[in-house]
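Since the structure of chain A is already known, use the hints to place chain B on it.
There are 2 protein chains.
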Amino acid sequence: MEELILQSQKFKDLHRETAKYINLNPLQRGGILSDAARKIVNEWADGYSVCDYCGGCLDLIKKPPVEEFVHDKLPKFLGTDTARVTNGAREGKFAVLHTLCEKGDTVLFDSNAHYSSFVAAERVGAEVVTVPNSGHPKFRIDEDSYADKIEEIKKDTGKYPKLALLTYPDGNYGNFSDAKKAGKICHEYDVPFLLNGAYSVGRMHINGKKLNADFVVGSGHKSMAASGPIGVLGTTSEYEDILFRKSAKYKIKELELLGCTSRGLPIITLMASFPHVLERIKRWDTEVANARWFLNKISEIPGIKPLGVQPTEHDLNFIETPVFYEISKRHKKRGYFLQKELKSRGIMGIKPGLTKFFKLSTYLLTTDEIRLVADAFFEIYEKYEGLLK
Amino acid sequence: MEELILQSQKFKDLHRETAKYINLNPLQRGGILSDAARKIVNEWADGYSVCDYCGGCLDLIKKPPVEEFVHDKLPKFLGTDTARVTNGAREGKFAVLHTLCEKGDTVLFDSNAHYSSFVAAERVGAEVVTVPNSGHPKFRIDEDSYADKIEEIKKDTGKYPKLALLTYPDGNYGNFSDAKKAGKICHEYDVPFLLNGAYSVGRMHINGKKLNADFVVGSGHKSMAASGPIGVLGTTSEYEDILFRKSAKYKIKELELLGCTSRGLPIITLMASFPHVLERIKRWDTEVANARWFLNKISEIPGIKPLGVQPTEHDLNFIETPVFYEISKRHKKRGYFLQKELKSRGIMGIKPGLTKFFKLSTYLLTTDEIRLVADAFFEIYEKYEGLLK
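Those protein sequences? They're chains A and B, same order as listed. All residue numbers for the first sequence refer to our numbering, where the first residue is 623 and numbers rise by one. All residue numbers for the second sequence refer to our numbering, where the first residue is 623 and numbers rise by one.
In isolation and in its complexed conformation, chain A is listed as follows (with noise of 0.2 Å):
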């Protein structure tokens, strides 16, 4: 015990050395709380700490208002009848898919879709048949595949799949389908469709009907400004009785939520930011807008060029970098040169080792930083330029 106490005390110092770096990482973008949020990170940070007054339901707390965001605010801005907060975008997934898949059921998936998302069917025990890309250097997912590939279901296992899901954006090139499209096709065979809006959600203006989505999930640690773990679950009048069905035992648990779900700093930090993030879609094609400054600025770098549908629709891109990559076959720091070099410039967020191609996003940067990171980019092609020769 002694011991232990004595290896442990390393743990009470722990700090963030990527704080003070410009981060590319899209994962931690759209994470970082408003200035609301950060205020009254201390008053809230305390384990349960928003479960003073609760009468036994998170969804149900009135003071803090959990009630009125998780009711009425929430459902309101995701455009679905009810909603609530899960554990996750991945937690979201899987309630659904435990809700309407047994073992060996089938599911449809887009092929770019997270890999939380394979992962929950798995955990489910649902195969999934995914509908195909378009490959390099677009990797399109197209919306009328979802049609071809639910007939291939039902011609292989006599059923219709039990759900389709499209990621809107993916995770790696920053794609979006024509979710409305494919989210009609879905419903002209009754297969309930969900909307992994882990990318978009908090970032842009998503609307669960008007995108003939039946389950909009969402991520508050990757884009709404919140601490995480949390993340949006809605779904319209149809599913949300069986999605949110209540214990038998106890009448008031919903058995998917296990009764309660993110409580403490996540929901607090999601609802103070709500306001700002509110403010910031309504900035999304400014985003856009700085995403495609910076990808046509990179391309100006031989070999360099961005992957997936362009002109990009959204600040997470993937870069083909082959010029880095030969960089790095005659560099001493090997792969690690690009990271060094970007990080000797307040730089963070390439996948370490990476040269070859990588993501990056590009969110809220400033257009100053946007140009800092560009430049970076430059600076450290002709610094090694020789190296190619």
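Where hints are given, some of them may not hold.
Identical copies look the same in the list; a pair holds intra-copy or inter-copy alike.
To be verified - Computed cross-link-like contacts, EDC-like style, restricted to lysine to aspartate or glutamate with a CA-CA straight-line distance of at most 16 Å:
1) 1005 to 948
2) 904 to 625
3) 685 to 635
4) 634 to 665
5) 871 to 922
6) 803 to 694
7) 698 to 657
8) 978 to 681
9) 868 to 907
10) 661 to 991
11) 831 to 727
Hint data in this document are derived by calculation from the structure and do not stem from the laboratory.
Just chain B now, with coordinates in the frame of chain A:
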């Protein structure tokens, strides 16, 4: 949209009224952050903060040293071969149940089990048989009854239960059964044994192996001085590969954890508070002594008596207070008088409206604070004694 923005401004300025009160809610007392954790809250409150250097597994992150904490310190602390963090104790229980049970299987719980244990079983589709308690006033769970109930389940269903669970202590009376003995009995029938330590892990010394537990569940926000939501889940090498089985498609992702769980502030506060937690469990005897002093003291008020096994072995206690109920019948505020009177004395955390019985915790209160709380109950009794005549 503009209307939604206008109506949402209120969420910017949410304050926790209870911060300045002595909070007797058992939920809240063990989740108060340590000084070390509080100091770093601002640095790590953004979204996914701990994931800056993630290679794909939360529990393998080296910077901050999550890997060392989860894979070395946590198993040592829990007395298990391996451990992970989860989104909470309930999510840990669900993961175990979901791993071991098929729909229709039977599991055995103590009848004092937390509602979330029952809800987790119901979500899995498992039938729950309970070990009875001794009823009023002790509500004791007899560990020997595990054998009877396992035999009974075998007789009724033809199969042994897939899991036995003991709540250690339960969340109503703070009762402990002989876990070691219950675990031994379960093992004689080859029934895996889960110890729900949501109210013990982080408060007192718990060693899974010594208590014959195959699974140990704990709660970060309830008892480990961490920001919610977060839990811990330990198991033996026998169950490690089953419980933490990996995805077939994504080889490093653990299915029951959906690839990753409580990312962000919860894990970093759990780590930062760990040295404090190790120190405080050494003072557990003092906490129990304080709770006994308090129960003895307020038992001097006519009719007031603690339920559960006495003398208490835990800071969480259930008290029968018929005298306050009698007063409430004659008081113009009815059941709310008690809450109001306590509040005016700087005390919160008794469930609003309750006067006949309620639970409370004295955990980590100073002796002065405990005396203040006891005095408050005496004062309130004396103030309204006249109403009883």
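Item to check | Violations among the numbered hints | outcome: When the structure is compared with the hints, numbers 5, 6, 7, 8, 9, 10, 11 turn out to be violated.
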